[in-house]
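There are 2 protein chains.
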Amino acid sequence: MTISFQVLKQDDRTWARVGRLTTLLGAVETPVFMPVGTRGTVRTMTPEEVRDLGARIILSNTYHLYLRPGHELVREAGGLHRFMHWDGLILTDSGGFQVFSLAPLRKINDDGVEFRSHIDGSRHFFTPEKVVEIQRALGSDIAMVLDECAPYPCSYEEARAATDRTTGWAARARSVEGNGQVLFGIIQGSVFRDLRERSTRALVELDFPGYGIGGLSVGEPKSLMYKALEWTIPLIPADRPRYLMGVGSPECLFEAVARGVDMFDCVLPTRMARHGAVFTRNGRLVVRNAGCARDFRPLEPGCGCYACRYFSRAYIHHLLKAGEVLGIRLTTIHNLHFLFDLVARIREAVREERFDHLRSEFLASYLTP
Amino acid sequence: MTISFQVLKQDDRTWARVGRLTTLLGAVETPVFMPVGTRGTVRTMTPEEVRDLGARIILSNTYHLYLRPGHELVREAGGLHRFMHWDGLILTDSGGFQVFSLAPLRKINDDGVEFRSHIDGSRHFFTPEKVVEIQRALGSDIAMVLDECAPYPCSYEEARAATDRTTGWAARARSVEGNGQVLFGIIQGSVFRDLRERSTRALVELDFPGYGIGGLSVGEPKSLMYKALEWTIPLIPADRPRYLMGVGSPECLFEAVARGVDMFDCVLPTRMARHGAVFTRNGRLVVRNAGCARDFRPLEPGCGCYACRYFSRAYIHHLLKAGEVLGIRLTTIHNLHFLFDLVARIREAVREERFDHLRSEFLASYLTP
Numbered sequence: 001m002t003i004s005f006q007v008l009k010q011d012d013r014t015w016a017r018v019g020r021l022t023t024l025l026g027a028v029e030t031p032v033f034m035p036v037g038t039r040g041t042v043r044t045m046t047p048e049e050v051r052d053l054g055a056r057i058i059l060s061n062t063y064h065l066y067l068r069p070g071h072e073l074v075r076e077a078g079g080l081h082r083f084m085h086w087d088g089l090i091l092t093d094s095g096g097f098q099v100f101s102l103a104p105l106r107k108i109n110d111d112g113v114e115f116r117s118h119i120d121g122s123r124h125f126f127t128p129e130k131v132v133e134i135q136r137a138l139g140s141d142i143a144m145v146l147d148e149c150a151p152y153p154c155s156y157e158e159a160r161a162a163t164d165r166t167t168g169w170a171a172r173a174r175s176v177e178g179n180g181q182v183l184f185g186i187i188q189g190s191v192f193r194d195l196r197e198r199s200t201r202a203l204v205e206l207d208f209p210g211y212g213i214g215g216l217s218v219g220e221p222k223s224l225m226y227k228a229l230e231w232t233i234p235l236i237p238a239d240r241p242r243y244l245m246g247v248g249s250p251e252c253l254f255e256a257v258a259r260g261v262d263m264f265d266c267v268l269p270t271r272m273a274r275h276g277a278v279f280t281r282n283g284r285l286v287v288r289n290a291g292c293a294r295d296f297r298p299l300e301p302g303c304g305c306y307a308c309r310y311f312s313r314a315y316i317h318h319l320l321k322a323g324e325v326l327g328i329r330l331t332t333i334h335n336l337h338f339l340f341d342l343v344a345r346i347r348e349a350v351r352e353e354r355f356d357h358l359r360s361e362f363l364a365s366y367l368t369p
Numbered sequence: 001m002t003i004s005f006q007v008l009k010q011d012d013r014t015w016a017r018v019g020r021l022t023t024l025l026g027a028v029e030t031p032v033f034m035p036v037g038t039r040g041t042v043r044t045m046t047p048e049e050v051r052d053l054g055a056r057i058i059l060s061n062t063y064h065l066y067l068r069p070g071h072e073l074v075r076e077a078g079g080l081h082r083f084m085h086w087d088g089l090i091l092t093d094s095g096g097f098q099v100f101s102l103a104p105l106r107k108i109n110d111d112g113v114e115f116r117s118h119i120d121g122s123r124h125f126f127t128p129e130k131v132v133e134i135q136r137a138l139g140s141d142i143a144m145v146l147d148e149c150a151p152y153p154c155s156y157e158e159a160r161a162a163t164d165r166t167t168g169w170a171a172r173a174r175s176v177e178g179n180g181q182v183l184f185g186i187i188q189g190s191v192f193r194d195l196r197e198r199s200t201r202a203l204v205e206l207d208f209p210g211y212g213i214g215g216l217s218v219g220e221p222k223s224l225m226y227k228a229l230e231w232t233i234p235l236i237p238a239d240r241p242r243y244l245m246g247v248g249s250p251e252c253l254f255e256a257v258a259r260g261v262d263m264f265d266c267v268l269p270t271r272m273a274r275h276g277a278v279f280t281r282n283g284r285l286v287v288r289n290a291g292c293a294r295d296f297r298p299l300e301p302g303c304g305c306y307a308c309r310y311f312s313r314a315y316i317h318h319l320l321k322a323g324e325v326l327g328i329r330l331t332t333i334h335n336l337h338f339l340f341d342l343v344a345r346i347r348e349a350v351r352e353e354r355f356d357h358l359r360s361e362f363l364a365s366y367l368t369p
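Going down the list, the sequences are from chains Z and H.
Using our numbering, you'd call the opening residue of the first sequence number 1 and step up by one each time.
Using our numbering, you'd call the opening residue of the second sequence number 1 and step up by one each time.
One chain only, chain Z, in its complex shape:
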C-alpha cells in the first residue's frame, strides 16, 4: 500500500480527530480541505498560489478530464501532476457524481453507465474497471471507485438499488486496482440508516485504505446529513481516513469534524468567489452588492490574505462589476485562505483539547444564510 494513515489525536468530547495521511509524495495533516480543480486547475489560481495558501492535496474530476482534454492526452503529458504543474497530492473522484448530475441521457445497468457528453453529445460508457483505468492514466495519488449517487429525495427502493450496485462496482474496481494506486471505496445509502450501515459494512469487508462518504450534500436537510454521518462513521475502522465528498461550508466542516470526518472537498469557495461573495467570520459578504461600492475596508478586517492586505471592498466591487478577472482572483484567494485557516485552527484546537470550544465560538458569530 502506498498510503498510510495515523490518528495523532482523538478528541474526547466529540469524534473529532487529527491524523496524518502519508504517501510517497509527502504527508498531509487531517482534517484537510481539498480545493477543487475540476479541469486540472483550481479556478483562477496558479499551482504556486494554491500551495502558498496551504493546500497540499487537491481534487480533480475524472469525468471532466476524460471528456476534455482526454485521459490519454494527460497520460502522454506525463500525468496530471506534470500537465498542470502541481507537486502536491491529487485525489480524483470517479466521475459517478458528474455522470448522474451533468450528463444527459444516461442509461445505467449492473455493467456500468452509458451517457452522453454535456459538451458535444458524444456517447460514452463507464464501467468500474474503466474508471480505474482512466484514473491510472491521469496518475492521481488517490482514486475513487465508480459509484451510483441516488438523487435526493428518492424512494427506499431506489436508494437500495443504487447502494447495492455501488457495492458490486466497488468489488470489481478493487479487483483491477493496479500497483501503486490507492483506491477509496464510496459509501452510499441516501438518508436510510440500514442502507448506510449495509453499504459501510460491505465496503469495509473489501478493506479499502480509505472511505468516501457519498450521496450527501445533495439537497437533504443538514440534520439528515449529520445523522447519516453518525450512522456511518462508527462502522469504519478508526485507522482509515473518512472523506465526506462535496462538503465545505464552514458550519458543515465543524459539524462533520465533530462526527469524525477527516477529508473534505468543495467547490464552494471558488464558486462563491466567481459570484462575488466571500466568507467572513460573521457569515457571507456579497461584495458585488451595491453596499460595498464605497466601502474602503478590506473584505475582512484583520485578515492576512493578499486580497485583504492590499485591496478594499470598493476596489474589488469595482472589478467584479466591470467583469475584471482580478476581482474573482481576489475573492478566490480570500475564500481559500479563510477555509485553510479555519481547518488549521480546527486541527490545532483538537490537539489542544478545545475543539468544542472553538466550534461554539465560531458558530455563535457565523451567520448562516
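In short, the hints are calculated from the structure, not lab data.
The reader is advised that the hints may include incorrect statements.
[Said to hold, decoys possible] Subject to a maximum C-alpha distance of 30 angstroms in a straight line, what follows is the list of computed DSBU-like cross-link-like pairs (lysine-lysine):
#, chain 1, residue 1, chain 2, residue 2
1, H, Lys107, H, Lys130
2, Z, Lys321, H, Lys321
3, H, Lys9, H, Lys227
4, H, Lys227, Z, Lys107
5, H, Lys107, Z, Lys321
6, Z, Lys321, Z, Lys9
7, Z, Lys9, Z, Lys222
8, Z, Lys130, Z, Lys107
9, H, Lys222, H, Lys9
10, H, Lys321, Z, Lys130
11, Z, Lys321, H, Lys130
Fit chain H to the supplied structure of chain Z, relying on the hints for placement.
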C-alpha cells in the same frame, strides 16, 4: 515641473534614443512600453505581477474610470495608485479617443464634447478643463489633454477642424493645469503633412513637458503612420519625451523607435492573450487553435517567463478551450514578458550602437500577419 527627461544615448544611424524620465515616484528608462490597465487593473494581473515583469509605468483610462467607478470615488479612495495598489507611475489618457470610438451619440463643439455612456446611456459633457480635473482626482502622474481624434480615412477639412480644435483645447487645458500635475499635449493632423506640422508647432509653442502623438494606428497603412512620425518628430524639441499612443506590436515598436519615439502603450498583449494568441520570435501563435492540442512544448521554447517555464501549449490550449481563467493569465504573462523583454533589448542595443542590427535581425524572423 515634477518631471524631467534626459536623453542618455542617441543612435547615430537612426533617430532611436535611450532616455530617462524622472518623476517624484522614480525613474523610467525609455523607450518604454506601458501596459494598459483600462479600468484600474492590467487585465488578469496583480500589480506585483505587472511590476515583476518589468513595468514601472502603466496607462489607465480616464473615460472608463470616470464612468465607473467614478473619479470622485477614486479620489475618496486616496487616488488611483492606492485604489489599485500600484506603486509605479500612472499615465492617464484624456478620454478623447474613447469618447470618439466607444460612446454613442456624441455632439462636439468648440466648448467640448457631449456623449452618452456606453454602459448605461447617461449623458455627460467633457471639456478640456473638466478632463484635467478628472485626471487630478484620479491622481495620475502624467495626464493628457482632451483631444479630438479624426477617424481614418477622413477628408482634409475634417482633419483640419479636429486638429485645430485639439490645439485650442490644449491651450485651455494648459491654463488650468495644477501644481504637481504633469500634462502632455497631443499632436493630431491625421495623415496630412501640413496638419501634422501645424499641430506640432502650435503645441510646442505651448511648451508641454511631453508630447503624445495621437490619431495614428487607427486603420491607416503602416507606411503612412511611419511617414506621420517622420513629419512630426523632428519638430518636437529633443529634450521632450515623445509618446506614440496606442501602438505596441513588435514590428511597429522597432519602426517607431527608429523614428525617435520614447513611449508606447497598447492593449495588444492583453487583448491577444484573451483571444488565445501569443507573441513568439517567429510571429504570432494561436495557442487556442487545434494544432496546439497535443503540443507539449512551451509557448516559446527558450523563453524564461513563468508560463513557458512550467506549462505546455497543450495545457494552455486545454485551459483556453475550457474557458479557465488561468489560460488567459498565462498567455497574458507571456505576452507582457515578450514585450518588456523586447523593449529592454532595444534599449540595450541603442546603448551599444547596434540597434539597426537588432531591428534587421528581429524583423527577418518575425512574420507579421
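Outcome of the hint check:
| no. | hint | in the structure |
| --- | --- | --- |
| 1 | Lys107/H to Lys130/H | holds, 16 angstroms |
| 2 | Lys321/Z to Lys321/H | holds, 25 angstroms |
| 3 | Lys9/H to Lys227/H | holds, 24 angstroms |
| 4 | Lys227/H to Lys107/Z | violated, 68 angstroms |
| 5 | Lys107/H to Lys321/Z | holds, 28 angstroms |
| 6 | Lys321/Z to Lys9/Z | violated, 46 angstroms |
| 7 | Lys9/Z to Lys222/Z | holds, 27 angstroms |
| 8 | Lys130/Z to Lys107/Z | holds, 16 angstroms |
| 9 | Lys222/H to Lys9/H | holds, 27 angstroms |
| 10 | Lys321/H to Lys130/Z | holds, 25 angstroms |
| 11 | Lys321/Z to Lys130/H | holds, 25 angstroms |
Hints 4 and 6, counting from the list given before, are not met by this structure.
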